[in-house]
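Protein chains in written order, with the numbering used here: chain A, 1 to 352; chain B, 1 to 755.
The reader is advised that the hints may include incorrect statements.
Here are some, though not all, of the chain B residues that point toward chain A, as calculated from beta-carbon distances under 7 angstroms [stated by the list, open to error]:
1) 142
2) 659
3) 660
These are computed hints drawn from the structure, not numbers from a lab. Using N, Cα and C, we set each Cβ at its ideal position, and we do this for glycine too.
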Amino acid sequence: MNRSIRAEPAAVRLSGVVKRFGQGAPAVDRVDLQIAPGELVTLLGPSGCGKTTTLRMIAGLEDPTAGSIVIGDEDVTHLPAEKRDVTMVFQSYALFPHMNVRANVGYGLRVARRPRAEIADRVAEALDLVGLGDYADRSVDALSGGQQQRVALARALVMKPRVILFDEPLSNLDAKLRQHVRGEIRALQQRLGLTAVYVTHDQEEALAISDRVVVMNAGRIEQQGSPRELYARPATHFVADFIGSANSVPGHYDGQAIHLGNARIAHAQEIAPGPVSVIIRPEAVRIADDGLAARVVSVAFLGPVIQVTFATAVGAITANLPDDSREDLREGADVALAFGPRGVHLLAPVAS
Amino acid sequence: MTDLSFRGTGAMRLAGFTSPVVGWTLFAVACYLALPLARTGRAFLPLDYGLHPVVLGPALHWLVVVAAVAVTLVYGRPASSGPQVRRRADRALLAILVGVAGLGISLFAEAAPFGFGALGAFLGLAIAAGAALSEGNRVRGDAFTGAGIVLCLTFVTLFITYPLLMVLRSAVWVDGTLTLAQFAKTFSSPLFLFVSNRFTDVDEARQVALWAAAGTAAGTAFGLWQTRTTALPRRLVLVALWLVGGAIGGWAVGIMLWGRGALPSTLLVAVIVAPSATLLGFALALLGQRTNSRVVRGCLGVASVLPFITPPFVIGFSMIFLLGRRGLITYDILGISPFANPLYGIVGVSLSQILGLAPVAYLIMRGSLNSLNPALEEAATTLGASRWRVFRDVTWPLVRPGIAASLLLASIESISDFGTPLVLGGDRNFLATEVFLALTGRYSQSEASVYGVVLLLLVLLVFLASRWMLGVRGFATVTGKPASGAFLPLPRGLEWGLLALAGLWLAFILSLYGVIFYGSVVELWGINNTLTLRHYVEFRNTAWPVVWYTIQLSVASAIPAMMLGGLIAYLVTRHRFWGRSYLEMGSLLSFATPGTVMGLAYILAFNDGTLLMTSTSAIIVLALVFRNMPVAIRASMSGLAQIDRSLEEASATLKAGSGTTMVRVLAPLLIYPLLAGLIFAFVSAMTAVSQIIFLVSAGRNVATVLLLSRVERGDLGVAAAMASVLIVLLLALIVVLLIASRYLDARNRGKGLSI
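With the rest of the complex left out, here is chain A:
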């Protein structure tokens, strides 16, 4: 199945790419990025971090101020969008309102003057792929948001792009649908072996579907790596904070263990001994008989877990604990906290 839509994925290489709009700080600042064929890379970051601009430069919708972009073995830096083998799924879907579903999906093939029979075949196949085979003759206005999103996806897929780009494709869907569609996108990408670049500001989405996540901040790449790597070993406070949630408290590292208030946590990491910033994931916190002295400040019930905030000698620490942990965990209760071993990570202390 899917013989004809199988793409020939290409590698993408960005070297020293800069984009400047007018005066002031550049929107994208010396970004180097390599994407392997068939890989799904997510650009993740807060709004205004340059991730969408980077994506649009790969698409050819923005002209880089400096640097080069190579797709496959072709330098496309200054090539306009219509001359690149790249398609894009837009945040607003950008479906042509004067065309029905079939005409929207077949548009690129008609522009390329493919034979009529081939267009019909490929459009039908693309629509089947996204599960909209029965909707070909519908007006795009008569579709739900999720269906419109899938039409946009089919329209991009039908071109057999060497690279497919996603610009926050799920941001207009409700939370339940978002989880479902992201799973579908990931499955299709794997099945068709597509090289994909995916922009989102939702870290959970990024962790769920990516081979590799690139965290951007203020126009620069902050860190890149597999979702697990980023979560377990964030390189900066920004990444630690942006991916998942994290407590950051001051501590002292002596090469074997972390000293955190009155507690001692065995930990091995290549970092200069001395004062450090200790990153603690909420799920790495447990209540123990012996450990960091803490007092419960607030308790919130989240369903599978309870979220408890503690006041300690080193600052506030938030923990996600199983609901059955302790019946007497009320506000004002005094407990001792133990940590890790997973979910604890050290960073150089914040300069203050």
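Assemble chain B onto chain A, guided by the hints.
Quick look at chain B alone, frame taken from chain A:
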């Protein structure tokens, strides 16, 4: 089925001879070699091979061939990397420029009128140059965009900027010397400004001086009050400015009231007409938006279209029937003596212009009112404001930008108006008619040009003043969400007052149009009232061919006006390039320039030399295209503003070039603005007079000019028949198009066109 057809695009595709740069250069050289380069005399583009470039012998224009060979050689070698493609395109551009220069210099040196060959070669080279600019990445966009930019810049320069510069040149360049003598002569002429009249008891000059003094005092006082918080040195300058402004303003009011001549008459009429028409339009718009009566709304809708489809002086002409010296109302009913009739002069011109411009103001104010969010008024009501308070505190401040726009347009139209003063001016003269009379009556090109420059400056002044008054754009209450809620109904008393006003206005308009129709079916208006179809028969025999020719010209001008307008709107809103604001300003200028000045400019620019085009249909069509294009630009621009750019980006990522995107994505979505531009261009071409009155020639007369000459000759019956036919024809056209667009709308809503 494995398909690799999408591989190998990009830079590789640019290699070799498939580039549009090569294609269009070869097209240019083919035109150059196959067709005569020049022509003799005024016959338009004959195929006289005596003027073939080879027969003409060695000359600079042979550089076209050199350029083509150079471009072909440059593109013979494939280029694979970006810098190589760039360098190749730049070299080709250089070669093309050499070809253009060679062709241009040799034609202008010989002052030989261009032929088909030169035309084709220039067009081909311009497109090739645009494509080269795009390939060399000098312009962001594809070959279509590059060529579009080059062509639009060339057209605007050639058909708007250059003719207007020729007016300026002709005003200051008399008999081979640069001089302001013609300005001095015109400014001191009583036709232009005439203050002291020895035959009246009043000392006009003293009155004007008094006004100027009063203005100075008022300006200074206001300046002092306005700058009371400003620091001293700056304050002095500002107060001095107010002083000068007040003096000029006072003097202007003085000469308007006491002076005679073209300048004060034109200003006075504009000062009377613009606020009156705006106010009337606003009142009608308020009524039209908020009345519950469908009949009233329908009447207002139809009446607001009438002035657009009426040749400009026809209202004046029927006012003579009604209110003239022997008019139905003034003479037969009221019994005013023909010698005491006040119609001719300021009164008649103002009245006629107010009637003609009120619907324009109505449409502007209607748009402004409709863009208000009803929730704002509802919010004010829930906060306890009375209907009157809501109007004063919410509605009025929000429609002020609309008022300013309407004032601007009405005063520009009033200053530019040519037909009305010609018919109703009486012993007063006006700037727009003086341009015409100086050229055709006193045979002075330079005097006509001076009047033209004054008119142009006046219009620009009004334009700048309104910009300054408006300051920032105004209040955008467009949120993109469909506004819900209903507008407050008008207070009862106000509604009745407005209804009475509208009724009066409608009755007057109806009688004006009724009079024209009546005049066309009686033997001789006012003298012999026997019914007859004689005038229609005569119209069929003598005037119909002219009307038919006018229809052809109008169609021929409306389609390019719409296409060019759409293209310019697209380029200006969607691309950044050198000369973008020039393109925008140029088209705005062509819209604001009074028609007579544009006509004069075309005569001056295209009457001899290489660009000789007068006495052809082409010059009339060109004048109409560039006159009516700006409306198509505005309409398309506001349409484009509502289309999200991601649609075009999606089209681009699906490998469509910008030309394809324009045709397949934008044009279908812009069908209404484009259609509106087309209708406007056609209708204004049909009713145009001022901009083409200089350009018509024997055998190439147009309907409006013929109509005017019939009125002047006293052939009122035939003139009335002609006017009736034109009005009914255009009204029918508009109704048909309205119905068609309703139908289209219904069909498209099914397909989901409504965005």
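Against the structure, the hints come out as follows:
no.: 1; hint: 142; verdict: 6 angstroms, holds
no.: 2; hint: 659; verdict: 10 angstroms, violated
no.: 3; hint: 660; verdict: 6 angstroms, holds
The structure does not agree with numbered hint 2 stated previously, though it agrees with all others.
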